[in-house]
Amino acid sequence: MVSMSTLQTLGELRRQGSVHAAAKVMHLAPSSVSGRIKALSEECGMTLFERQGRGGRLTEEGLAAAELADKIVLMWERGLLNIRSGARPSTRRTIRIGAFPSALAACVLPAAARLRSQQQFHVELLEVDPLEAASLVEHAQLDAALTLGEILDGDLTMDPRLTHRVLWREPFALVLPKAYAGRGSCPTSIRGYSGLPWVLPRRGSACDQLLGRHLARMGVRPRTVARSDDWSLLQRMADTHDAVALIPVSCLQLDSNGLEVAAVLAEELPQRTVVLLESVETAGSRLLPVVRNELTRAAEDLMALLSTYRLP
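One point on numbering: in full-length UniProt numbering, the residue at position 86 of the sequence shown is 86, and numbering is uninterrupted.
A portion of the hints provided could be inaccurate.
Unchecked claim - For each label pair, taking beta carbons as the anchor points, the in silico distance ranges come out as:
#: 1; residue 1: Arg78; residue 2: Arg202; range: 37 to 43 Å
#: 2; residue 1: Lys38; residue 2: Leu74; range: 47 to 53 Å
#: 3; residue 1: Met303; residue 2: Arg57; range: 53 to 59 Å
Claimed, not checked - No farther apart than 27 Å at their CA atoms in a straight line, the calculated lysine-lysine pairs in the DSS-like style are these:
#: 4; residue 1: Lys38; residue 2: Lys71
#: 5; residue 1: Lys24; residue 2: Lys38
#: 6; residue 1: Lys24; residue 2: Lys71
These are computed hints drawn from the structure, not numbers from a lab.
Glycine included, C-beta positions come from ideal geometry on N, C-alpha and C.
Take these sequences, add in the hints, and give me the full structure.
This is the structure:
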């Protein structure tokens, strides 16, 4: 059985860097510190500390375990302090929802605004990279996350205990400076924009992967002049550089810059699929369906708004 004193010893060993230094701070014999770490290694089933000459160091597993130990000790001490002071812990649970910025703005924030009246739980919102969403839900750091279905489709390592449902799909629009407007109003192939200056998402990001694969399939070889993950900034960059860019329809801000939407064949424009990701464990919660319903409602409102926008 792991004791609190053993966890404290592991945390102190990480901070002090050596058995003798940790022993001095904790007023223990070095052999006691070594004994506690050895017992903890056996309890954990992995090597936490390895000898090097007359000293030693924590392994990578030991460093990770020490960080966890510090968190547990801190939680324990705070809990005891609350009990002694007579404070009652909150009975309202916190539901943690993660999403990438444009999904936060378009869907999660409207849903969260309607959930503010809930007395059973708090809603905590976090900005999350779509590439990290599955891992965060899998490791219970989030109760649910909005991510891109196209990224999940290519993730062969995704835990089968994760479930996802489509919230909405939306096309990208090709925007270009008004200086290029003379290309005509009839839809043309996106291949005609190959070789022009382009502004694209940050290299390696989820949207960069999505758009990069699509442009490669279309035979488009963009000449990249700028990159950003901020769709608003990306449009300003396109205006400044006289460049073209692909923007999700819900993120278009044509009134604030000198861009317009190009007439491109609809079947040649990429789409993104926004999905709600949950674990099997959290999906069975009696609270999460309330959140899920509001997210679905917000997504339906967004789709109704998008349906009023007609691409050229």
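Consistency of beta-carbon spacing, Arg202 to Arg78, with hint 37 to 43 Å: holds, 38 Å
27 Å Cα cutoff - pair Lys24, Lys38: holds, 18 Å
C-beta pair Met303, Arg57: status relative to the range 53 to 59 Å that was hinted: Since the Cβ atoms of Met303 and Arg57 sit about 55 Å apart, the hinted range of 53 to 59 Å holds.
Distance restraint between Lys24 and Lys71, which requires alpha-carbon spacing of 27 Å or less: With Cα atoms ~22 Å apart, Lys24 and Lys71 stay inside 27 Å; holds.
Range hint 47 to 53 Å (beta carbons of Lys38 and Leu74) holds or violated: Cβ of Lys38 to Cβ of Leu74: about 24 Å, so the range 47 to 53 Å is violated.
Restraint status (C-alpha distance of Lys38 to Lys71 at most 27 Å): holds, 21 Å
In this structure, only the earlier hint numbered 2 is contradicted, and the remaining ones agree with it.
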